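Fit chain Y to the supplied structure of chain W, relying on the hints for placement.
One-letter residues, chain by chain:
Number of protein chains: 2
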Amino acid sequence: MTATIHRLDNREPSLEPLLQLVAGDMNAVNTVILDRMQSQIPLIPELAGHLIAGGGKRMRPMLTLSSARLIGYTGTRHHRLAASVEFIHTATLLHDDVVDGSDLRRGKRTANIIWGNPASVLVGDFLFSRSFELMVEDGSLKVLKILSNASAVIAEGEVNQLTAARRVDLGEDRYLDIINAKTAALFAAACRISAVVAERPEGEELALDAYGRNLGIAFQLVDDAIDYVSDAGTMGKDAGDDFREGKMTLPVILAYARGDAEDRKFWKDAIEGRRQSDADFAHAIDLVRKTRSVDDTLARARHYGQRAIDAIGGFANGKAKDAMIEAVEFAVARAY
Amino acid sequence: MTATIHRLDNREPSLEPLLQLVAGDMNAVNTVILDRMQSQIPLIPELAGHLIAGGGKRMRPMLTLSSARLIGYTGTRHHRLAASVEFIHTATLLHDDVVDGSDLRRGKRTANIIWGNPASVLVGDFLFSRSFELMVEDGSLKVLKILSNASAVIAEGEVNQLTAARRVDLGEDRYLDIINAKTAALFAAACRISAVVAERPEGEELALDAYGRNLGIAFQLVDDAIDYVSDAGTMGKDAGDDFREGKMTLPVILAYARGDAEDRKFWKDAIEGRRQSDADFAHAIDLVRKTRSVDDTLARARHYGQRAIDAIGGFANGKAKDAMIEAVEFAVARAY
Numbered sequence: 409m410t411a412t413i414h415r416l417d418n419r420e421p422s423l424e425p426l427l428q429l430v431a432g433d434m435n436a437v438n439t440v441i442l443d444r445m446q447s448q449i450p451l452i453p454e455l456a457g458h459l460i461a462g463g464g465k466r467m468r469p470m471l472t473l474s475s476a477r478l479i480g481y482t483g484t485r486h487h488r489l490a491a492s493v494e495f496i497h498t499a500t501l502l503h504d505d506v507v508d509g510s511d512l513r514r515g516k517r518t519a520n521i522i523w524g525n526p527a528s529v530l531v532g533d534f535l536f537s538r539s540f541e542l543m544v545e546d547g548s549l550k551v552l553k554i555l556s557n558a559s560a561v562i563a564e565g566e567v568n569q570l571t572a573a574r575r576v577d578l579g580e581d582r583y584l585d586i587i588n589a590k591t592a593a594l595f596a597a598a599c600r601i602s603a604v605v606a607e608r609p610e611g612e613e614l615a616l617d618a619y620g621r622n623l624g625i626a627f628q629l630v631d632d633a634i635d636y637v638s639d640a641g642t643m644g645k646d647a648g649d650d651f652r653e654g655k656m657t658l659p660v661i662l663a664y665a666r667g668d669a670e671d672r673k674f675w676k677d678a679i680e681g682r683r684q685s686d687a688d689f690a691h692a693i694d695l696v697r698k699t700r701s702v703d704d705t706l707a708r709a710r711h712y713g714q715r716a717i718d719a720i721g722g723f724a725n726g727k728a729k730d731a732m733i734e735a736v737e738f739a740v741a742r743a744y
Numbered sequence: 409m410t411a412t413i414h415r416l417d418n419r420e421p422s423l424e425p426l427l428q429l430v431a432g433d434m435n436a437v438n439t440v441i442l443d444r445m446q447s448q449i450p451l452i453p454e455l456a457g458h459l460i461a462g463g464g465k466r467m468r469p470m471l472t473l474s475s476a477r478l479i480g481y482t483g484t485r486h487h488r489l490a491a492s493v494e495f496i497h498t499a500t501l502l503h504d505d506v507v508d509g510s511d512l513r514r515g516k517r518t519a520n521i522i523w524g525n526p527a528s529v530l531v532g533d534f535l536f537s538r539s540f541e542l543m544v545e546d547g548s549l550k551v552l553k554i555l556s557n558a559s560a561v562i563a564e565g566e567v568n569q570l571t572a573a574r575r576v577d578l579g580e581d582r583y584l585d586i587i588n589a590k591t592a593a594l595f596a597a598a599c600r601i602s603a604v605v606a607e608r609p610e611g612e613e614l615a616l617d618a619y620g621r622n623l624g625i626a627f628q629l630v631d632d633a634i635d636y637v638s639d640a641g642t643m644g645k646d647a648g649d650d651f652r653e654g655k656m657t658l659p660v661i662l663a664y665a666r667g668d669a670e671d672r673k674f675w676k677d678a679i680e681g682r683r684q685s686d687a688d689f690a691h692a693i694d695l696v697r698k699t700r701s702v703d704d705t706l707a708r709a710r711h712y713g714q715r716a717i718d719a720i721g722g723f724a725n726g727k728a729k730d731a732m733i734e735a736v737e738f739a740v741a742r743a744y
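Heads up: the sequence lines are chains W and Y, in that order. Count along the first sequence from 1, add 408, and you get the number used in the numbering used here. Count along the second sequence from 1, add 408, and you get the number used in the numbering used here.
Excised from the complex, chain W in its bound form (with noise of 0.2 Å):
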């Protein structure tokens, strides 16, 4: 089983091409998210600061940084708009978060449990209005038609997966058709926006779009992989909280599709909240290598990597290019 996708030297692949490529532009960023979140009242930049400073990747803006540079984009329009999706994922992961009941994220505990359900719903209300005034600031209305349809796409991704939880019947295509909404639409806006700014033609906005789409569903694979495999110690996430929480993912859905009757039974168990202690977690992730459904969760975030990759083969060569494929071979990579 190789890790990576096509990597002709022996290197493991890493995030670290991606960071510096952007890291000039990423302080820029950086100072308009610490700027736009500050507000009068206190426990705003306060709550907003713990999740922002919290040891996130920043991934989405990376994107957005990356994908100018693959372009040749030269402005600074970019940095705000940058800011702005990470408004809407921090508003998000606030959301989540409460939506979920987690006491945890990257390891440390979360807003909700800290300051409150309540106060995590309204920061992160106001992170999404600020997130839009950045957009008016910039102008343009195409951006702002892009990630408000984002916005839009993700909840009613996350309002899916609601309804779908605790349903062990769930099926692939309806799993994959919520993690396309509340994942991978932001990974695609971010992409998209920046040739949007630097004036390109659609056939690049649609190319770096297709780019940002597939890597957020490989990512969002993999995520789902670790859980069924690490430990909170080195992910920063706990592994079984989706187990626990009866979220169904992929290496579930393709457990229960390839059990016997027995098998099912207890995922249905499972699922339903009936089955959680760490036995029966120990049992699950059994069931999962039995099944190689951890295994062929992260061949599917392989085949979506690939298709990442292919979608930018147009763009020059070069440093930028370069950085955004190693990316790639590095999230379907992580469970590793």
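By construction, these hints were calculated from the structure, which means they are not laboratory data. Please note that the accuracy of each hint is not assured.
[As the list claims (entries may be wrong)] Label-pair distances were calculated between CB atoms; the ranges are:
| hint | chain 1 | residue 1 | chain 2 | residue 2 | range |
| --- | --- | --- | --- | --- | --- |
| 1 | Y | GLU424 | W | ARG574 | 44 to 52 Å |
| 2 | Y | GLU424 | W | ASN435 | 55 to 63 Å |
| 3 | Y | VAL637 | W | ASP577 | 17 to 25 Å |
[As the list claims (entries may be wrong)] Far from chain W, some chain Y residues (derived; all Cβ distances over 10 Å):
| hint | residue |
| --- | --- |
| 4 | MET467 |
| 5 | ASP511 |
| 6 | GLY667 |
| 7 | GLN684 |
| 8 | PHE723 |
| 9 | LYS727 |
Note that the structure is a prediction, hence the values are computed from the model and not measured. Where is the CB? At the ideal position from N, CA and C, for every residue including glycine.
Okay, now just chain Y, sitting in the frame of chain W:
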């Protein structure tokens, strides 16, 4: 004690003239609302529809429509924008009920009680995103600026209110800051945007903004007073809700400021959650009466109501102006 401001006839003020003025336009707005709250995820229109069809007065879209009449706008762009304003308001209500743990609104069970907090949070996010999509479709960056700013101000006001909860020494000025943000800002924006789409001079924008803002404050003050005089059967709101939630409103602020040491101890205990029985609420009503705090809350409301009326003094006389003046009179007379 008279209920109205400068009324020369003996008729009770009513919302009827405003309703009649905008009835045709409101049909168009309702069509947009019903059309745009749809989604492939059935829970979204189901939950949103519960609140949207639930007997709300559509006060904010009515203000957009009547303001447009006042200035002689004959286009249709404001229909979509009025729907957008109502979506922002509906999203805020959904999140408010989660934040306050409310179980009753307009005499009906709240969405969070029926479908749970997670669904209310997420459908609120969806409506909020949809409202921006509607604005983007209209295409005015100026409208987008006004409404994205209002949204950020509302969220800040909500957080401000949250941090002020159960603080008996809040004071009238900070309280006014809060209701200015969480209620009056959207009333102001709803009126103002009609002048933007009609391309009227900035002075008219500001006059309509002032009408909406002062009406919004008056409206909220009367709402706060009602909590200490009415019952759920007539108003669709439980009398004593604010009291039992430890919510600081102007009647409490005045009663606290005007009370003796014993009264103040009672208010502190009540607002901090230690005295919330029916007998305590009866005592609270006694104290509020003794200090004339409801009467003077209503006097404050009449002050802002008068300012709202004077703000539109410069516009041409006619049906629209008469209806908008009478709407203010109705708003401040509601508690009598």
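Checklist entry - Looking at the structure, which of the earlier hints fail to hold? => result 3
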